[in-house]
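Undergrad: Here is how the chains run, residue by residue.
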Amino acid sequence: MIEIINAAKQYGNGESATAALKGVSLTVKDGDFTVLLGASGSGKSTLLHIASGLERPTSGSVKYDDLDITKLSEKELTAFRKKKVAVIFQQYYLLPHLNVDKNVKMGADLIGNKDYRSIIEAVGLGCKLNKLPSELSGGEQQRVSIARALAKKPQALFLDEPTGALDEETGRQILDYICRLQKEHGFSMIMVTHNTNIAETADTVIKMNSGKIARQYSNENRKSAYEIGW
Amino acid sequence: MIIRARDTLKLIGVLIMSACAVSVCALFINSNIDLARIKDQITDPEVMAFYDVLVQSGNVTSAISGGALLLTTIIMLFFYIKHYIDTHKSELGILKALGYSDFKIAKGFWVFGLSVFAGTSVGFGISWCLMPMFYKQMRGDELLSDVPLPDIPMHFNPELVLFMIIIPSVVFAGLSILYSLRKLKSPALELITGKSKVKIRKSKQSSKEQSFLKELRQNTVRSRKSLVFLIGFSAFCYSDMIQMSISMTDTLDVGNMMTVMMAGIGILLGFTTLYIAVTTVIKANSKTIAMLRIFGYSDRECKSTILNGYRFTVAIGFIIGTIYQYFLLKTMITMFYNDEIYGLPDYSFDIKAFIITLVTFVPIYETIMYVYSKRLKRISLKEVMQSE
Ligand SMILES: Nc1ncnc2c1ncn2[C@@H]1O[C@H](COP(=O)(O)OP(=O)(O)O)[C@@H](O)[C@H]1O
Ligand SMILES: [Mg+2]
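Just so you know, the sequences run in chain order A and B.
Under my numbering, the first residue of the first sequence is numbered 569, with each subsequent residue one higher.
Under my numbering, the first residue of the second sequence is numbered 43, with each subsequent residue one higher.
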């Protein structure tokens with residue numbers, strides 16, 4: 569279980585300070601899928617970075633089961649990320665000089681996962697092992713980055729607008745892959761997206777507004793954002 | 043044009059190198075010209091022999107140091123231009139796609155010559171500040187204390203301004219244009235998408251089964267050959283110049299000025315190139331480093347992956363420098379010094395110089411790498427993402 573307790577984040581000091589996050593509390597149960605919606609600049613990415621241990625909150629805490637990761641040293645935090653989380657970004661950030669196989673190995677080697685090729689198969693890139701990122705389409709590149717993240721078998725997967733750079737059709741396809749894999753592997757998932765339809769498959773839908781949670785909807789009946797009335 | 047003159051003045055490497063080259067060469071050449079003016083006054087054959095040695099060693103020093111520095115300046119300049127083109131590929135590609143001819147784009151690269159102009163001017167100024175002291179040393183008790191030369195009046199030789207400042211600047215501006223012209227040859231689309239780079243590298247992906255970090259380490263080294271060269275070259279310069287200056291003090295008993303200058307240039311050359319190369323390595327790999335850290339690779343793993351791949355290159359550079367200076371000194375001694383006045387024995391490899399150089403180099407190199415590994419730690423994903 570991931571518990572974010574009253575997390576706030578402020579960038580800069582004095583006059584130029586911006587409060588990106590103003591006290592957000594959120595609980596994500598194991599295996600749950602949480603979707604974060606909201607206008608750009610509302611603090612979604614900041615929340616994601618803090619929840620995944622990429623950044624430290626200015627105040628508040630982030631707990632994984634009983635471990636408060638805001639209290640960890642830099643070294644311990646790195647070790648924590650290695651074991652527990654994986655992050656997927658809009659811009660993929662694949663290593664440009666390494667082929668698909670080696671890129672996915674980046675995640676797999678961290679935990680000594682020898683079986684990572686099955687994940688490449690699962691995202692439908694089994695026949696492109698030797699391609700370089702620049703030889704792939706955007707959708708394929710994002711699938712590589714998904715495989716890379718899942719190859720380290722994270723307890724929680726964080727996705728920051730994973731389909732933001734893709735056309736609608738490809739984006740939907742990517743989301744299908746992700747949702748299917750989540751059901752198979754059972755990791756928790758927090759996703760920032762502008763695709764309101766994805767809310768249908770989420771357990772919790774959250775709307776952010778200027779650094780706060782504006783609305784939270786526990787989606788037991790699998791309603792779409794439209795049906796919820798957002 | 044897209045290149046601002048102000049940016050080219052930031053080419054610290056080129057600036058330092060050309061300043062050094064000119065300050066050393068101007069000292070020796072100016073003094074040799076002035077020495078030529080007093081040649082008639084010398085009648086004593088012993089003084090004449092001394093005079094010859096003085097002129098010879100001036101020529102040799104300025105040729106070796108000046109040559110090394112000139113070469114480095116060229117390498118650095120090309121390195122900067124290549125780097126500039128690599129990082130501005132898409133903009134240049136778009137210009138090409140808009141219909142600008144290669145030459146029209148390349149023409150703008152002349153401003154890189156400005157850095158040489160600035161460097162050589164500074165160097166010339168430095169040499170004039172050192173000149174009085176240098177003349178005093180040269181005539182004084184440097185070599186054979188009991189045979190003083192006649193007074194050497196100091197002249198300003200205007201032709202040196204032409205040869206040391208104006209011509210180099212013009213030549214370097216021209217070289218910049220030619221080199222960029224060559225680099226800009228690829229089709230516009232390739233420049234924009236960066237595809238050409240990929241094609242070359244693809245054949246070199248190994249299919250061997252090895253750990254990811256090892257693979258990445260090799261790939262980091264292979265993907266930028268110019269950096270490999272620059273790093274190897276920095277070790278070469280240090281090993282070559284320091285050993286030479288120590289052996290020369292040991293075997294030749296030549297003046298302090300010369301050996302100190304050589305050692306200084308060796309250190310300067312070695313560490314400026316190293317600094318530039320390693321800074322570029324880190325900048326070029328900052329995204330990779332950020333990604334590694336996000337995934338949970340430790341700081342030690344990041345450092346060894348990004349920086350340790352160059353150890354082998356450094357060793358090779360050091361060895362080549364050792365061999366090179368050995369043959370250079372041997373030739374030099376046979377040619378200039380092995381006569382009645384000195385009656386030197388045959389030159390043999392100077393183990394002491396080698397050991398001193400190696401023992402000083404390793405800790406300095408490792409310290410620099412350690413400092414850089416601290417810098418790796420500070421790279422955050424936020425910065426990398428915001429730099430896009
Ligand atoms: N490194 C930073 N320095 C200063 N301000 C930042 C930084 N990162 C984000 N912000 C600010 O914090 C706010 C929230 O940003 P972000 O979390 O990226 O929003 P979102 O992902 O919802 O678009 C924005 O106003 C943004 O300008
Ligand atoms: Mg964002």
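Since the hints were derived computationally from the structure, they do not count as laboratory data.
This structure is a prediction, so every number in the text was calculated from the model and none was measured.
Some clues are possibly wrong.
To be verified - Distance windows between CB atoms, simulated: (1) B:113 to A:581: 18 to 26 Å; (2) B:132 to A:583: 46 to 54 Å; (3) B:313 to A:765: 35 to 43 Å.
Claimed, not checked - To spell it out: a stretch of chain B is covered by chain A in this simulated footprint if at least three of its residues, at any positions, have a beta carbon under 8 Å from a beta carbon of chain A; those stretches are: (4) 195-201; (5) 252-260; (6) 336-349.
To be verified - Listed below are the simulated BS3-like cross-link pairs for lysine-lysine, each with C-alpha atoms no more than 25 Å apart in a straight line: (7) B:256 to A:643; (8) B:345 to B:267; (9) B:267 to A:643.
Here a beta-carbon is modelled for each residue, glycine too, at the ideal position from N, C-alpha and C.
Undergrad: Next step is simple, just say for each hint if it's right about the structure.
TA: Right, here's what the structure says about each hint:
no.: 1; hint: B:113 to A:581: 18 to 26 Å; verdict: violated (49 Å)
no.: 2; hint: B:132 to A:583: 46 to 54 Å; verdict: violated (36 Å)
no.: 3; hint: B:313 to A:765: 35 to 43 Å; verdict: violated (58 Å)
no.: 4; hint: 195-201; verdict: violated (count 0)
no.: 5; hint: 252-260; verdict: holds (count 5)
no.: 6; hint: 336-349; verdict: holds (count 6)
no.: 7; hint: B:256 to A:643; verdict: holds (22 Å)
no.: 8; hint: B:345 to B:267; verdict: holds (19 Å)
no.: 9; hint: B:267 to A:643; verdict: violated (33 Å)
Violated hints, in rising order: 1, 2, 3, 4, 9; the structure is consistent with all others.
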